[in-house]
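Got chain F; can you put chain Y on it based on the hints?
Residue numbers (the UniProt record's numbering), protein chains in the order written: chain F, 1 to 269; chain Y, 1 to 290.
Among the hints, a few may not be true.
[What the hints assert, rightly or not] Restricting the straight-line Cα-Cα distance to at most 27 Å, the calculated cross-link-like pairs of lysine-lysine (DSS-like) are:
| no. | chain 1 | residue 1 | chain 2 | residue 2 |
| --- | --- | --- | --- | --- |
| 1 | F | K118 | F | K70 |
| 2 | Y | K245 | Y | K266 |
| 3 | Y | K159 | Y | K91 |
| 4 | Y | K284 | Y | K245 |
| 5 | Y | K245 | Y | K56 |
| 6 | F | K136 | Y | K94 |
| 7 | Y | K177 | Y | K284 |
| 8 | Y | K56 | Y | K177 |
| 9 | Y | K180 | Y | K245 |
| 10 | Y | K91 | F | K90 |
| 11 | Y | K159 | Y | K177 |
| 12 | F | K136 | Y | K62 |
| 13 | Y | K94 | F | K90 |
| 14 | Y | K180 | Y | K162 |
| 15 | Y | K180 | Y | K159 |
| 16 | F | K246 | Y | K56 |
| 17 | Y | K94 | Y | K162 |
| 18 | Y | K180 | Y | K284 |
| 19 | F | K136 | Y | K56 |
| 20 | Y | K270 | Y | K177 |
| 21 | F | K246 | F | K70 |
| 22 | Y | K48 | F | K136 |
| 23 | Y | K48 | F | K246 |
| 24 | Y | K284 | Y | K270 |
[As the list claims (entries may be wrong)] Computed spacing ranges between beta-carbons, pair by pair:
| no. | chain 1 | residue 1 | chain 2 | residue 2 | range |
| --- | --- | --- | --- | --- | --- |
| 25 | Y | R6 | F | T234 | 54 to 64 Å |
| 26 | Y | D148 | F | V55 | 24 to 34 Å |
| 27 | F | P47 | Y | Q165 | 53 to 63 Å |
| 28 | Y | L239 | F | G32 | 50 to 60 Å |
| 29 | Y | K91 | F | V55 | 34 to 44 Å |
| 30 | Y | Q170 | F | K6 | 50 to 60 Å |
| 31 | Y | T31 | F | S56 | 29 to 39 Å |
| 32 | Y | S121 | F | S110 | 53 to 63 Å |
| 33 | F | R261 | Y | S32 | 22 to 32 Å |
| 34 | Y | E76 | F | K118 | 39 to 49 Å |
| 35 | Y | Q170 | F | Q218 | 34 to 44 Å |
| 36 | F | G188 | Y | R6 | 52 to 62 Å |
| 37 | Y | S32 | F | L122 | 31 to 41 Å |
| 38 | Y | A243 | F | T234 | 44 to 54 Å |
Derived by calculation from the structure, the hints in this document are not laboratory data. Predicted model, so just to flag it, every value in this text is computed and none were measured. Note that beta-carbon positions come from the ideal geometry of N, C-alpha and C, so glycine has one too.
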Amino acid sequence: MPTDTKRVRGPEVSQSPVLFGCRPAAVLPSHGPRADGRQRDQADVRPVFVRCGLVSQANGSAYMEAGSTKLMCCVYGPRETERKDETDMKCGRLTTDMRLAPFSCPVRGSWIQGTQDKDLSLMLYESLQPAVCLQKYPRSQIEVSVMVLENSGSVLAHAVTCASLALADAGIEMYDLVLGCSLCQDAGSYVVDPTYAEETSCGSGGGLTVAFLPSLNQISGLQSDGEMSEETLTAGVRTCIEGCYKLYPVIQQALIQALRRAAPPPSES
Amino acid sequence: MAVDMRLPTVKSPPVSVLDRKDLVVPGDVITSDTGFMRGHGTYVDEDKLTASVAGKVQRVDKLICVRPLKTRFNGEVGDVVVGRITEVQQKRWKVETNSRLDSVLLLSSVNLPGGELRRRSAEDELTMREYLHEGDLISAEVQSVFSDGALSLHTRSLKYGKLGQGVLVQLSPSLIKRQKTHFHNLPCGASIILGNNGFVWLYPTPGQQEEEAGGFYTSLEPVSLSDREVISRLRNCLLALAAHKMLLYDTSVLYCYESSLQHQVKDVLKPEVMEEIVMLTQQKLLEQES
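Isolated chain Y, as found in the complex:
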């Protein structure tokens, strides 16, 4: 087996337009002017607005926030998330969604097989583990946010539900661009769910949907080699984009996929190839904009 080895290279300092003024560390005084409002990541100490997280200062009119660059997912109502079931409890599932607290999926907010208006009986509570058990991946939408910041999810649509065969890529939530839809059937033969929580799910585009199953049906048919290759390539492209801090949305992923076609799937992860592909993607995105 050929092994790719390389010598350590000097990392070129990342080109960054941010200067020292934008970045603050906890305890830094942002302003002592009382005319500003206190946003996230700040606190007021004797009329001085002080940062409480390390991050970038953002000003919107009179509101000053500090956005931490490395953060967990702060969910909002309507966000699409991909998560993993960690616990089955009374009438609820606990879901790990990369947020500070585990999210909750209530039994009453899922579509059970057998129609929308089905009454939930005690029997359903007992068979909860049959629908979703620990370790299952689901896609869901944030229904509400509790006062302590925990999320309540729902899967009351046929597009949400249990995820079957595919690949999960875990990235930073700040890299996902908020869009109208986070479900995309890419023309390259695979589908993608860009979860707002930074979890991205890649799966072969399903053929005919079996609707009666209500989101709990998972296809176990073998996936063809070509589909698997496409998915692996997409995964490597996502990692390349994330390594260069590019925003992820359908167009950027697709352009990156197209630019990577001249390389082998495994080569996409090599740093120099990664850089080249990302450059090409950026160029394409710029061309498309203008």
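Here chain F stands alone, though its shape is the one from the complex:
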């Protein structure tokens, strides 16, 4: 093959610039306050920003930011199921699809849904499904899709919160809102609502994500990995619930605000 001399050709072997970039301090302090000034061993969640109704095409949508974790969720439906072979038509179907955008993590991902995304979708489904009154929607399906725009830790927990907000915005009947909170354990102490750096640095310690129905006081989803003793797990769940209660008024306010914006015409009676 003739070589094009006018063209600058790159080296035969190339390396990702990420390899050369200076890594953030890999060792995070395991004692004292955390990198962003929050306390350890306390339900100290990051401040959140939530808004409903940013996607006009969807029936309901929500956007959420916690620290620099940014994600958006759209809800389509209820609409008629495309698949007719399901024998159980008495209750509706909830489908979830959660994706991490390729640019969301420090290392670029692909647009194709990977195994991580599929796992997250499944866990999202399991957390939301008990809260939605699916028996009210026979033969229908409700689609929930979450797109993570920036992954800065506790993605699943915030996806659960955001999705329940979008479902409520779509006017779908739910027993309760679902709130998510997660924590990470490293070296004897735990950090609530961990950032991406904290999540990756405490590899050996366990992680825990809880989906919680605040006014029914029930847990709809619990996901935990790594090593954890029984006592720390129970204590961790309790701390997560505490974290959820901190989010609750913010989420309620956002929903009320969205409702007020879509205030109905004065009813003529």
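Below, chain Y without anything else, positioned relative to chain F:
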């Protein structure tokens, strides 16, 4: 071509008389008094009446309902709907009517050409696609509601049937005021079908109706420019009214049309013009009431 550009402006918070007490989110306890009855959008959990949708609480005597503000169409028998055919099946058409499930239009509940009392033969089943095929718009009435909430439609009147030339505007179903008639020939030279499902159809007022066709005849004559202008203006007026959450019925649409006459058709969609027109409409409606 001149392009209208504007800077972002601070949205003034909508004037709303609703206070925090009226609005609930799923999981909010409405009352723990057992003397109330459970309506739509609520459920009972350990004697506590709890909301299951985000919306406004409505109380009628002892019945408590929560009305979601953003909702799909919940049809009732007798509602006029405008819908689009999505599928042709055995003896039935599937119609998209903005409700939770696709509605059904049975072959036996349409007026076929050739008289009311015509027997429906197997041949009719084969030629169903000739009457209505996928993508056609129809106006119909809700005949019955199935147990799962799906609607059964009928077009057994000459006013219902296939829609020909016109403009479809899709709005929220809660904006349409329920009235005796949803078909109006507006004096401005166009006709309007206000579907209860939030689909509004604007079309030039037909001249002489060809009755034999039984609702499947669609006029393909060219529509004059003036008629098209009137229809475009009406469409923009409807969008203006919907943007300001005004109830839609013949009088409000007509007043809005009249107040918009001083502006060009395309200007009606500008936010400030929209606001002005809607204000004028509200004023006229108030004057008419008193």
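**OP:** Verify the proposed pairing of K48(Y) with K136(F), using a straight-line Cα cut of 27 Å.
**Re:** Between K48(Y) and K136(F) the Cα gap is close to 20 Å, so the pair holds against 27 Å.
Original post:
Is the hinted range of 53 to 63 Å satisfied by the C-beta distance from P47(F) to Q165(Y)?
Top reply: 55 Å, holds
Original post:
Given the proposed pairing of K180(Y) with K162(Y), does the C-alpha separation stay at or below 27 Å?
Top reply: 22 Å, holds
Original post:
Quick one, are K246(F) and K70(F) close enough, alpha carbons at most 27 Å?
Top reply: The given pair, whose Cα atoms are some 19 Å apart, holds under the 27 Å limit.
Original post:
Quick one, are K177(Y) and K284(Y) close enough, alpha carbons at most 27 Å?
Top reply: Roughly 18 Å between the alpha carbons, so the hint for K177(Y) and K284(Y) holds.
**OP:** With 31 to 41 Å as the target window, see if S32(Y) and L122(F) comply at their CB atoms.
**Re:** 37 Å, holds
**OP:** Starting from the range 39 to 49 Å, see whether the pair E76(Y) and K118(F) falls in it by beta-carbon distance.
**Re:** Since E76(Y) and K118(F) have Cβ atoms about 42 Å apart, the given range 39 to 49 Å holds.
Subject >> Consistency of beta-carbon spacing, S56(F) to T31(Y), with hint 29 to 39 Å >> reply: 35 Å, holds
Original post:
Is the hinted pair K94(Y) and K90(F) satisfied, with a Cα-Cα distance of at most 27 Å?
Top reply: Answer holds: K94(Y) to K90(F) is near 20 Å, not above 27 Å.
Original post:
Do L239(Y) and G32(F) keep their Cβ atoms within the hinted range of 50 to 60 Å?
Top reply: 58 Å, holds
**OP:** Could you see if the CB distance from Q170(Y) to Q218(F) stays within 34 to 44 Å?
**Re:** 39 Å, holds
**OP:** Please test the hint of 44 to 54 Å on the beta carbon pair from A243(Y) and T234(F).
**Re:** 52 Å, holds
Of the hints listed earlier, there is not a single one the structure fails to meet.
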